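**Q** Next come the chains, spelled out residue by residue.
There are 6 protein chains.
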Amino acid sequence: MRPGNRTPAQTRPISITRNFTAHAEGSVLVEFGETKVLCTASFTEGVPRFLKGSGQGWLTAEYGMLPRSTHSRMDREAARGKQSGRTQEIQRLIGRALRAAVDLKQLGENTIVVDCDVIQADGGTRTAAITGACVALVDALNWARGKGLVKANPLKFLIAAVSVGIHNGEAICDLEYVEDSAAETDMNVVMTETGKIIEVQGTAEGEPFTHEELLTMLELAKHGIREIIDTQKAALN
Amino acid sequence: MRPGNRTPAQTRPISITRNFTAHAEGSVLVEFGETKVLCTASFTEGVPRFLKGSGQGWLTAEYGMLPRSTHSRMDREAARGKQSGRTQEIQRLIGRALRAAVDLKQLGENTIVVDCDVIQADGGTRTAAITGACVALVDALNWARGKGLVKANPLKFLIAAVSVGIHNGEAICDLEYVEDSAAETDMNVVMTETGKIIEVQGTAEGEPFTHEELLTMLELAKHGIREIIDTQKAALN
Amino acid sequence: MRPGNRTPAQTRPISITRNFTAHAEGSVLVEFGETKVLCTASFTEGVPRFLKGSGQGWLTAEYGMLPRSTHSRMDREAARGKQSGRTQEIQRLIGRALRAAVDLKQLGENTIVVDCDVIQADGGTRTAAITGACVALVDALNWARGKGLVKANPLKFLIAAVSVGIHNGEAICDLEYVEDSAAETDMNVVMTETGKIIEVQGTAEGEPFTHEELLTMLELAKHGIREIIDTQKAALN
Amino acid sequence: MRPGNRTPAQTRPISITRNFTAHAEGSVLVEFGETKVLCTASFTEGVPRFLKGSGQGWLTAEYGMLPRSTHSRMDREAARGKQSGRTQEIQRLIGRALRAAVDLKQLGENTIVVDCDVIQADGGTRTAAITGACVALVDALNWARGKGLVKANPLKFLIAAVSVGIHNGEAICDLEYVEDSAAETDMNVVMTETGKIIEVQGTAEGEPFTHEELLTMLELAKHGIREIIDTQKAALN
Amino acid sequence: MRPGNRTPAQTRPISITRNFTAHAEGSVLVEFGETKVLCTASFTEGVPRFLKGSGQGWLTAEYGMLPRSTHSRMDREAARGKQSGRTQEIQRLIGRALRAAVDLKQLGENTIVVDCDVIQADGGTRTAAITGACVALVDALNWARGKGLVKANPLKFLIAAVSVGIHNGEAICDLEYVEDSAAETDMNVVMTETGKIIEVQGTAEGEPFTHEELLTMLELAKHGIREIIDTQKAALN
Amino acid sequence: MRPGNRTPAQTRPISITRNFTAHAEGSVLVEFGETKVLCTASFTEGVPRFLKGSGQGWLTAEYGMLPRSTHSRMDREAARGKQSGRTQEIQRLIGRALRAAVDLKQLGENTIVVDCDVIQADGGTRTAAITGACVALVDALNWARGKGLVKANPLKFLIAAVSVGIHNGEAICDLEYVEDSAAETDMNVVMTETGKIIEVQGTAEGEPFTHEELLTMLELAKHGIREIIDTQKAALN
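Protein chains in written order, with our numbering: chain A, 1 to 237; chain B, 1 to 237; chain C, 1 to 237; chain D, 1 to 237; chain E, 1 to 237; chain F, 1 to 237.
Hint data in this document are derived by calculation from the structure and do not stem from the laboratory.
Because the structure is a prediction, the values reported are computed rather than measured.
Some hints here could point you the wrong way.
Because identical chains share one entry, a pair is satisfied inside a single copy or across any pair of copies.
To be verified - Distance condition first, Cα-Cα at most 20 Å in a straight line; then the derived SDA-like pairs of lysine to any residue:
no., residue 1, residue 2
1, Lys156, Asp75
2, Lys147, His71
3, Lys222, Lys233
4, Lys105, Asn5
5, Lys222, Gln201
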């Protein structure tokens with residue numbers, strides 16, 4: 001039996017709290033069980049130099065973990081003077097996924113910076129971050145449309161993400177830390193609300209996996225993401 | 001009239017929430033009005049090399065602001081590759097103040113790292129951080145005593161902090177952002193529960209201030225800190 | 001028609017030259033068409049501190065591009081003072097993939113560092129790097145066994161990698177630069193000689209992709225990797 | 001008795017040598033006993049980008065210690081690749097204090113950079129630096145006025161600084177190293193020639209201090225600064 | 001007898017391969033025996049800001065060693081986050097020497113960046129780099145003239161370099177690693193095809209050397225460089 | 001005529017002041033005309049890890065310029081976060097030259113760090129630094145012998161340095177800034193008191209130079225260094 005008596009296909013309780021902090025144009029606390037990530041979307045007029053005059057906007061993402069979001073304290077990246085490879089990998093993933101959901105032409109020459117900061121970690125921080133960031137992004141876009149800074153809606157579709165994996169030979173959905181650290185295979189999937197795939201990243205941590213296992217994991221991901229997108233929609237209404 | 005109809009001597013509503021996150025030995029969300037700081041105290045056995053064999057413990061503090069804790073987004077220090085002078089100044093202050101409250105001999109060869117991360121900023125983040133960190137420290141020390149890792153109580157006294165300043169020619173207590181950014185003088189005071197002074201840092205941002213103004217500000221600080229320490233005690237019971 | 005008159009399923013000519021440089025225990029120049037990567041495997045006795053006494057070895061990988069391996073000159077990372085997120089992502093991928101192929105217990109307390117340096121880039125540098133690095137690794141392990149530094153063979157299986165993608169709506173294998181930069185979807189696959197999967201990383205650069213497209217790409221990858229592993233085996237005999 | 005047979009209120013011999021080096025617009029060697037700091041003020045036309053078109057000038061300060069200005073050699077900050085928190089704290093203090101003495105509107109769109117480099121350290125380097133830098137600043141402003149680059153005199157008043165502290169239970173003025181390293185409380189005070197306060201920074205290094213001790217220290221500081229400002233004036237005539 | 005049965009005055013076999021890689025405007029693999037350096041010259045229109053409007057061009061050089069170009073693996077400078085003093089010293093030397101060979105006025109407002117990357121090291125990498133870089137530079141200039149980007153030929157003369165030294169009391173030319181690491185004196189000489197000197201850097205690694213030894217070494221260098229320049233000319237025809 | 005009415009062979013007035021600062025084991029202010037460099041030699045027991053147990057000592061040097069030692073202010077290297085290539089080149093030269101003068105076996109397992117900090121620059125800072133550092137080194141060695149930390153005298157010979165160059169077609173000795181910045185050729189020479197050569201670094205800044213010019217410059221250097229060593233000896237008596 002999984003912790004919390006979950007079935008293999010079951011995600012943890014997902015919770016999305018909008019307007020969690022006061023200043024950002026979009027600010028969301030997303031919780032996947034005990035994993036809690038604060039996602040803010042900051043809208044500013046103007047674009048980086050390489051896009052000036054292109055008529056096109058820009059969206060980028062950054063990710064961080066509070067030093068004691070984890071079981072034992074991690075070094076603070078600001079104090080060490082650089083972001084780890086893992087951090088950079090995750091923030092590149094978040095940015096890439098969100099850019100796939102936005103029509104940058106429609107955004108006009110404006111910039112959105114998404115910050116995902118892990119307050120408490122229990123596995124799946126990157127998939128929670130993508131899920132929460134998408135909602136913060138919607139809020140920031142609506143804010144900009146309300147101000148007349150953006151005309152048409154640049155959002156192409158909602159996106160959400162979940163992790164799946166093989167644990168004790170069984171495919172499971174939305175791994176928490178104790179499962180994640182013992183999984184043979186770990187896969188993160190980002191999908192659209194229309195069921196298409198934006199990103200698949202599957203890694204054999206222990207034994208290589210088979211084509212069949214890949215298909216089973218994909219099935220679980222599809223099902224989990226559908227539920228998560230329902231939660232996003234409920235939060236947005 | 002001050003924002004929120006406060007009198008000059010009045011602090012903002014102070015709230016202290018213990019056990020805000022799950023992993024740290026002490027974890028406190030402290031709120032001074034709209035300023036919200038997450039303070040964790042991480043206890044680990046052992047000390048840095050320069051103290052090995054000394055029989056004495058170590059306590060250090062780090063401070064950070066989430067990029068969108070502020071009105072407009074700040075660069076992420078981890079991405080820029082260094083902590084600003086302001087950040088270093090504040091974390092040195094927090095560490096110094098907390099070390100004054102702890103008998104490092106009684107702590108034994110153990111280390112406490114305090115992390116103060118600003119979730120939302122509205123003035124007074126350093127004084128809120130010291131106030132919240134002291135409570136997180138108490139929790140971490142009690143955790144360690146419960147585990148038998150520390151014998152006698154290393155805490156010498158509670159400490160708390162508040163900012164005072166001269167604004168429009170009048171001395172006021174616990175400045176929020178709109179006041180702070182327009183104040184002629186800004187002073188941070190850290191005191192013990194017994195009314196003694198640990199740190200005084202007064203700076204003329206505009207006009208130099210007089211000896212009398214200094215005394216008036218000190219009086220406000222003393223009064224404000226007394227109330228804040230009452231809030232700490234209530235939270236700890 | 002693809003450049004070089006390739007069919008969709010066809011890889012570029014793959015060439016593997018062993019002993020390309022003199023000093024490394026394994027040194028391989030791998031060519032996927034015009035993409036040329038020098039892969040060296042350096043064997044040293046001893047392990048990093050966190051593994052001392054564990055009886056287990058360590059393997060890590062680094063990746064770099066010569067500044068003018070690309071169409072226009074890139075900044076030298078050593079001069080800029082940091083490795084880009086892309087570089088770190090790739091070297092983490094290479095290291096993870098190779099570790100999956102090695103029994104670190106059998107390696108004993110020894111360390112292998114793999115360096116993959118791109119001499120000339122034309123798309124698919126990371127998949128070429130993994131493919132060449134695996135051969136360099138085999139040479140370094142054989143060197144170590146010849147010296148009696150390693151007893152049993154730590155290699156579990158050969159691994160190789162190829163990129164696949166959707167380009168003009170069609171799935172194609174081993175994308176060269178002009179294809180890669182215009183592809184809607186880009187996927188890198190690492191597999192074992194036994195046909196199992198070690199890593200799948202699929203990214204929608206433009207439109208999201210469907211489950212069926214994913215399956216078609218996987219099929220191409222499986223077929224391409226089988227051929228690449230034949231080339232590895234031929235080079236090793 | 002204090003070293004050098006000083007009374008508690010007595011500063012060390014203060015010496016101010018103008019035109020100590022040839023190139024800077026203002027160049028002062030300031031000596032507080034054995035503490036020797038070279039302070040240069042560099043005047044350049046133009047301001048940083050954020051002030052362009054504001055009609056307002058800028059003043060900033062940097063601080064450093066020669067590696068062997070201290071009893072045992074310190075690491076060179078340029079070689080370590082970053083300035084310590086202490087260095088940043090001190091240079092921020094120097095810059096803040098000098099800006100309080102200057103009407104930046106009157107300075108026009110010009111920049112003054114003050115460099116304070118400790119040649120020999122024996123306690124009180126930051127207060128010596130502020131004292132010497134003020135004289136270098138006056139020389140640089142006079143140079144600029146002589147050249148017609150600045151019209152009216154931007155200097156509002158002279159400023160000077162001194163350290164005070166509690167040592168063996170007694171308040172003393174201008175602590176040298178052996179006193180400073182054993183003091184229970186250390187306080188740096190910056191004042192104007194009109195007796196107003198620009199900065200007060202008091203820290204309990206050992207025991208917290210009382211309101212009365214604070215007042216006694218302030219009294220000593222006021223008296224010491226008055227004498228130091230007389231020395232500045234003598235040097236400037 | 002020297003390794004390879006060389007006479008004291010004899011250089012190693014020198015080989016120069018043009019068009020070694022595809023993208024650079026000039027790309028040369030230079031080999032001095034077992035020392036192999038890839039030299040690329042990248043031509044771009046425009047100059048750094050400090051030269052804009054001057055009508056003058058710019059040329060700069062960078063140098064690096066692949067981590068396993070050496071007997072035991074060196075740390076990758078990009079991963080350590082900085083270039084060593086040795087690297088910077090060498091790349092400054094290469095840039096200075098090449099600039100002496102080019103009329104920057106004739107180059108017009110264009111920039112050439114030369115990259116010298118050591119593929120395999122066996123002593124004399126800096127002199128091989130200068131020699132190969134000069135040929136890559138010629139190719140890049142010819143490319144630019146072919147495109148009409150540069151009018152008259154900016155090349156003033158060919159340059160080449162060789163190392164000489166005192167080893168076992170005897171002056172020898174073009175030291176390989178085993179000689180270099182045991183030499184008492186090591187001298188690098190850069191000369192023009194007309195026999196004039198561009199750079200002389202002689203260092204006593206062990207015993208100081210005499211005026212006569214300096215003259216003998218210079219004689220060997222002159223002779224060696226004459227041959228190397230013949231090889232350059234042959235490669236360019 | 002040269003500035004200061006010097007003949008081509010004449011050095012500027014050289015002055016060497018020992019015990020310039022209080023803490024270092026050797027502390028020398030060296031002046032070559034208006035060039036002023038503070039050289040300290042710090043003696044500590046023990047050696048870096050790579051020499052432990054070797055019975056051999058270590059000597060290293062660092063170099064810096066105060067930001068306003070120059071005509072216009074230079075960026076502070078500590079603030080920029082790295083030392084320039086020029087700085088590293090110079091400090092490597094100083095260290096290499098001094099190591100040639102010391103028998104590291106006789107030094108025993110002790111370390112000397114030499115710091116050369118330019119207070120005021122007017123050309124020839126590196127040659128002044130070597131000259132002053134040698135005297136500081138002698139003082140530090142004598143201090144150590146007085147304390148019994150070093151037995152026999154590790155100093156093999158005094159060393160000194162001077163710059164020579166070709167300026168307006170004429171060879172001159174000890175170039176000051178206005179000469180240096182207009183010289184066609186610049187050469188730094190380090191020699192022993194016995195007239196042997198430790199380092200020769202000649203660079204064509206403009207036109208390449210001839211063998212004959214090299215010989216003339218060497219002659220000037222030899223003569224100049226002989227006088228400088230006399231000044232060192234006078235200072236040491």
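**Q** A separate judgement is required for each hint: does it hold in the structure or not?
**A** Results of checking the hints against the structure:
Taking the shortest alpha-carbon separations for Lys156 and Asp75, neither the intra-copy value of 38 Å nor the inter-copy value of 28 Å comes in at or below 20 Å. Proximity of Lys147 and His71 under a CA criterion of 20 Å is satisfied inter-copy only: 17 Å between copies versus 43 Å inside one chain copy. Within a single copy, Lys222 and Lys233 get their C-alpha atoms as close as 17 Å, which meets the 20 Å cut-off; across copies the closest is 38 Å, which misses it. In the homo-oligomer, the alpha carbons of Lys105 and Asn5 never lie at most 20 Å apart, since the shortest distance is 46 Å inside one protomer and 35 Å across protomers.
Taking the shortest Cα distances, Lys222 and Gln201 sit within 20 Å of each other both inside one copy (14 Å) and across copies (17 Å).
In the structure shown, a violation is registered for the earlier hints numbered 1 and 4, in ascending order.
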